[in-house]
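Read top to bottom, the protein sequences are chains W, F and E. Under my numbering, the first sequence has 290 at position 290, and the numbering climbs by one with no breaks. Under my numbering, the second sequence has 76 at position 76, and the numbering climbs by one with no breaks. Under my numbering, the third sequence has 151 at position 151, and the numbering climbs by one with no breaks.
Rather than coming from a laboratory, the hints here were simulated on the basis of the structure. One or more of the hints may lead you astray.
[What the hints assert, rightly or not] Footprint (simulated), chain W over chain E, 3 or more residues, beta carbon under 8 Å:
#1 25-39
#2 96-104
#3 155-169
#4 181-187
#5 205-212
All C-beta atoms, glycine included, are put in the ideal place defined by N, C-alpha and C.
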Amino acid sequence: MIDWIERQRYIIDFTLSSLLRRKVKNFGLLALYTLIVFILASTMFFTYSIKKEASIILSESPEIIVQKLSAGRHDQFPLSQMETLKKIRGVAEVLPRLWGYYYEGGLGANYTLLVPPVTTNKNGIEETTDSITSVENKENAPDNPDKPLFQYNDTKLKPGTIIIGQGIARTRNSHVGDFMPFRAYDGSIVGFEIKGILSSESELVSSDLILISEQDFRSLFGIGNDFVTDVTVAVVNPHEVSTVASKIVNILPDSRPITREDILRTYESIFNWRGGMMIVIFSAAVLAFVIFAWDKASGLSAGERQEIGILKAIGWETSDVILMKFWEGAVISLTAFFSGAILAYIHVFFTGSLIFEPALKGWSVLYPHFVLTPFISVEQLATLFFITVIPYTVATIVPTWRAATIDPDSAMRHSGD
Amino acid sequence: MILHPTVIGNLVGSSITTGMVVYAATYGLQILKHWNIESGAELQLILERKTYLISTFLAFAFGMQLISLFLFVFTADRLTPLFVGAMCAAGTLNVNAFGYPTLLLKILNFVLAGLWLVLNYADNQGYDYPLIKWKYGLLVVIAPFILLESIMEFAYFIGMKPNVITSCCGSLFSSENATGLGSEIAGFPPEPMMVIFYLALLLTLLSGLYAYLTKKTTYLYAILSVIMFVIAIASIISFISLYIYEIPTHHCPFCLVTRDYSFIGYVLYPLLFGAVVSGMGVGILNPFIECESLRLILPKIIRKSTLISFSCYSLFGLIVTYEIVFSNLIMRG
Amino acid sequence: MIELSKVRKVFNADNPNEFSALNGVSVKISQHQLTVLTGPSGSGKTTLLSIIGCMSRPTAGRVRLDGRVISSLPERFLTDIRRKTFGFIFQQPNLIKGLTVLENVMLPAYPLGESYSLLKAKAIFGLDSLGIANKANAKVEWLSGGEAQRASIARALINNPSIIIADEPTAHLDTNLSFRFMEIIENFKTEGKTVIISSHDPLVYNSSLVDRLIKLRDGQIEG
């Protein structure tokens, strides 16, 4: 056993010195290898953590959202039907929501307009909440008060005023007190005063958001007082979500209940698909690299060939040379793997994926600037290992074996030159 | 098909392993046909050189098989949110007919590849390649299984359709509705199963110790180590899981590898695999003990292999006992 | 004792360029003696040396080392015998560039996994007895021809072999250095080592140290 360890140590020692003796050649390989790992790792870290982020946000979202369908399309929800919903057994609460999109032609940007949810406080007086844990949250999320997604404390939303997201403020170069013009549904221009800018920890959600009062929202889009965009339904027993959802369809055949699970699944597959596509595209790069590695490993220089010949002549065995080459590959692979992964970690979590963010999220003028919460797992690293190190290692096995089976007497035969 | 990066990782790994093993097996056939140790002809020298390549490939494939077994379960666990009803790997593996067969083939192939390496190790100690025909015969047997596993794995991942409603560990490994093997095992009452487990463990360990000390009854130990492996897996489903999860109805063998249970599966399962491979190794080497060139070395290898298997089972038993003793779950009798 | 019977070595068998380097060589080489193989180039000296030294296997025929048949052993066993029994001195020093003299000398012992301190002590001792201990930490590129050859001799001795094999050792040495080399060979003989040299240098094969001269021509032993 001790012999075995000593043997490994000697051979690793020799391998390291042999790598250092061919700095230039090995450096090129290492740099390319690191780059490949870096690109793949960045992609994976990015998709995983954005997925994670999205699922954290969505876990706060209402259990069921009910939309009205008209000719198969999303239509305004009549308030009168809210009472029908409330009567369904198992429903705890039904709340209306008002939200929509506004396209700003000049900037080519799409804003999300939202009327802050209304709750009833202890005194029975309706008031808008001061901080919201999620766009679609109906309550103040007492279970998670320390990390609201956006806050607008100190600024009360009155008719004629709005509160805008960071992305909008940045793009328009707007400040508190400025007026922001909107073109209403009837063509008239309405101006709203910016009362506040959302400070946000997860700009992912609130970047393009505008909070607006109910009255302004209705007059801007011409929505009657009898209608809302959709309603959220809270369920008494979380296990009954699907039962309640099917009851809703039965009672209101023209409605579409969307459960939180549906949304989570959709997000999951969209991000998996995007991440997967990126990996597939980059596999071409991996393949090219593997061919390069094969070529590099099989194209032993005359010097290396002679060196292996000498080693075999002085008493190294084929498996000793294979072991040496194995360690050589391990040193290169692990160096490239870890430096690539660490660089990717810095790239994704500290620089906000500077290099290829747009490709993953889709281009948008109001592109959010945010720092993702670092999140990596063993499984990600294992996957990365499987699609980089293993193809590389396999590509070098045959060339390594060829090199290792050089005749030991070649050192004698080539002694003349 | 779900284009998840980890799925791609799995498929890449499986294709590579298959490629290597099939390539190795074709040379295995050549070796079976043309091998002649007495000859110094070039063909023989080339074949002897190829043996180095093949053992490197197989060692690599064996390592891959182990990692990919865990990666596979891991992937299934990760894909859980995509399927209605799936709560862990157990449910995801159930989304189509290929999940569980792939898993079983992975375990089988891991054991086969391990046995091949045991044979290879012993063969390399003999100066006349005493086991060469057996070794390459086994390789030719392994190759189709690896290929089949790969096909199954592709079929499993390609055939995956999100939103499929599946049943998960709650129903697959539930003692309440006893349909399917998993449920039947889960349905075994824990107390008798516990008695069986400890009796079998005691018997296996005693026989291992006896085999180690006296160098006799090695076949018995090899057989017992296989039976013990099956009993251990059944016990995990039947009662060990209950104590680890501390929930009297949760029988799932996959949740063991999740973070919630401090990844204890990554300790327990490799111990079991190590124990069964080295235990079967004892049995597979024993017939060659009279072989001239291995007369001196083989008994040592067999003893070493027995010791490894014995230690793995002992450690497994200790950890399981620790988990049961310090579990907050109290079984009502 | 090394015993070869009817040894043949064929290269590129069944090809148009097939040629037979050795054609039925039978010879016995005794212990503790200096045996010299001589003959014109292409006569099979190097091939014969490589078969004797367990570097390659004969196509046909048997080789016995101290009575044990070694001609059909697999490479890993041949290598094991080779590194414990034989020390090789080549025509060129064949040192690995970029490493120090000491590292080069220790290199053959790496796969054996001996303890480092012991190995190093052995290497220093070997270099010292050849008078180049002061060069131990020098890179091999800086050595003179004579020093390089002595470094390679120290390397051949690191595993304390009982048989020394030298292939045209004086081909690249001047007369003075060649005499110095023969002095080293004389020391080997007094230590009781078996020495086998292939050479067509008269300075070697006419030396008074030689116990037996074997002449080769066209892959066969003459006379």
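Hints, verified against the model:
1. 25-39: With 0 residues closer than 8 Å to chain W, the segment 25-39 of chain E misses the three-residue bar; violated.
2. 96-104: holds (count 5)
3. 155-169: With 5 residues in contact (Cβ-Cβ under 8 Å with chain W), the coverage given for the segment 155-169 of chain E holds.
4. 181-187: With 0 residues in contact (Cβ-Cβ under 8 Å with chain W), the coverage given for the segment 181-187 of chain E is violated.
5. 205-212: Not satisfied, violated; 0 residues make the cut.
Consistency with the previously given hints fails for numbers 1, 4, 5, ordered from lowest to highest.
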